[in-house]
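From just these sequences and the hints, can you work out the full model?
Just so you know, the numbering used here puts the end of the sequence shown at 212, numbered straight through with nothing missing.
For the record, the hints were derived by calculation from the structure and aren't laboratory data. Heads up, the beta-carbon is just placed ideally off N, CA and C, and yes, glycines get one too. Just so you know, not all the hints are guaranteed correct.
Said to hold, decoys possible - Listed below are the simulated BS3-like cross-link pairs for lysine-lysine, each with C-alpha atoms no more than 27 Å apart in a straight line:
| id | residue 1 | residue 2 |
| --- | --- | --- |
| 1 | K171 | K161 |
| 2 | K161 | K38 |
| 3 | K181 | K161 |
| 4 | K38 | K180 |
| 5 | K21 | K38 |
| 6 | K153 | K171 |
| 7 | K148 | K181 |
| 8 | K181 | K171 |
| 9 | K38 | K181 |
| 10 | K171 | K182 |
| 11 | K148 | K136 |
| 12 | K153 | K182 |
| 13 | K153 | K136 |
| 14 | K182 | K148 |
| 15 | K171 | K38 |
| 16 | K182 | K38 |
Unchecked claim - With beta-carbon atoms standing in for the labels, derived distance ranges:
| id | residue 1 | residue 2 | range |
| --- | --- | --- | --- |
| 17 | D56 | N36 | 17 to 25 Å |
| 18 | V45 | E193 | 17 to 25 Å |
| 19 | T2 | M192 | 30 to 38 Å |
| 20 | N36 | Q191 | 25 to 33 Å |
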Amino acid sequence: MTYSPRASELIARNAEWARRKVNIDPDFIGRLESQNPKVLWIGCVDSRVPETTICDCTLGDILTHRNMANIVTPADDSAHAAIQFAVEHLEVQDIVIVGHSMCGGITAAWNLSRESVVPTDTPVQRWLLPLIALSKELELDQLAPEHKARAVKILTEENVKRQVLNISNHKSVQDAWAGKKKLQIHGWLFQMETAVLVDVTGPFPESPIGNL
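Rendered as structure tokens:
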């Protein structure tokens, strides 16, 4: 069996990381026998936005679901299964939808929204259809190319807001609120320019249901 140089490097780095972790914290392996995260993170697949790194967390702190451009659609069973598992079984108290600046998916969606006929030949094009529709709904497709940066910025933030709304309508979330469970949804944006998370929507609802 022959690994590529990069794959070999990753395996070696993992072995060194595991050795170092156990030496520093002998109980580390034992804690991996179960998980009890209180946060579900729904983010983008972009390699520059790893949640445990940018939030300075460790294994077991955050349950994660990531896809291109952090989209939650009614037809996406993968995202809905993650939300159901997080809310009903792990009883997370926070769901965060996290977009980011310089998102290639957002940029591609805006570019496609300006086409007279939107192509749907590839999986990426089909996946971005909700964002393309949002761009048209906001009339961002009418902006000239010189306003691309502004259009992409608006679409990035509005996408986060739309996904917060979509998540709030999830049956598991609605059931949790009906049962007075503590659960908030947050819409955040990771700014590549500063490496800082910015709150786009504020918590929804404003106070955890269980505290009302």
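For each hint, the structure was consulted:
1. This hinted pair checks out: K171 and K161 have alpha carbons roughly 18 Å apart, not beyond 27 Å.
2. As the CA atoms of K161 and K38 are separated by approximately 22 Å, the hinted pair is consistent with the 27 Å bound.
3. Simply put, K181 and K161 have alpha-carbon atoms about 22 Å apart, close enough for the 27 Å limit, and the pair holds.
4. Restraint check for K38 and K180: satisfied, since their Cα atoms lie roughly 16 Å apart, inside the 27 Å limit.
5. The straight-line distance between the Cα atoms of K21 and K38 is roughly 23 Å, inside the 27 Å bound, and the hint therefore holds.
6. Of the supplied pair hints, the one linking K153 and K171 is violated, its CA atoms being roughly 30 Å apart against a limit of 27 Å.
7. Simply put, K148 and K181 have alpha-carbon atoms about 42 Å apart, too far for the 27 Å limit, and the pair is violated.
8. Taking the CA atoms of K181 and K171, the gap is about 14 Å. The hint holds against a cut of 27 Å.
9. Simply put, K38 and K181 have alpha-carbon atoms about 13 Å apart, close enough for the 27 Å limit, and the pair holds.
10. Taken as a hint, the K171 and K182 pair is honoured in the structure, with Cα atoms around 15 Å apart against an allowance of 27 Å.
11. Restraint check for K148 and K136: the C-alpha separation of about 14 Å stays at or below 27 Å, so the hint holds.
12. A distance of roughly 32 Å separates the Cα atoms of K153 and K182; the hinted pair therefore is violated under the 27 Å criterion.
13. Between K153 and K136 the CA atoms are separated by roughly 15 Å; this keeps the pair inside 27 Å, and the hint holds.
14. A hinted pair counts as satisfied when its Cα atoms are at most 27 Å apart, and K182 with K148 does not qualify at roughly 40 Å.
15. At roughly 19 Å between alpha-carbon atoms, K171 and K38 fall within 27 Å of each other, so this suggested pair holds.
16. Restraint check for K182 and K38: the C-alpha separation of about 11 Å stays at or below 27 Å, so the hint holds.
17. One distance hint, 17 to 25 Å for the beta-carbon pair D56 and N36, holds here, with the actual separation near 19 Å.
18. Between V45 and E193 the Cβ separation comes to about 20 Å, which falls inside the hinted range of 17 to 25 Å.
19. Judged by the Cβ atoms, the range 30 to 38 Å given for T2 and M192 holds: they are separated by roughly 36 Å.
20. The supplied range of 25 to 33 Å is met by N36 and Q191, whose beta-carbon atoms lie about 30 Å from each other.
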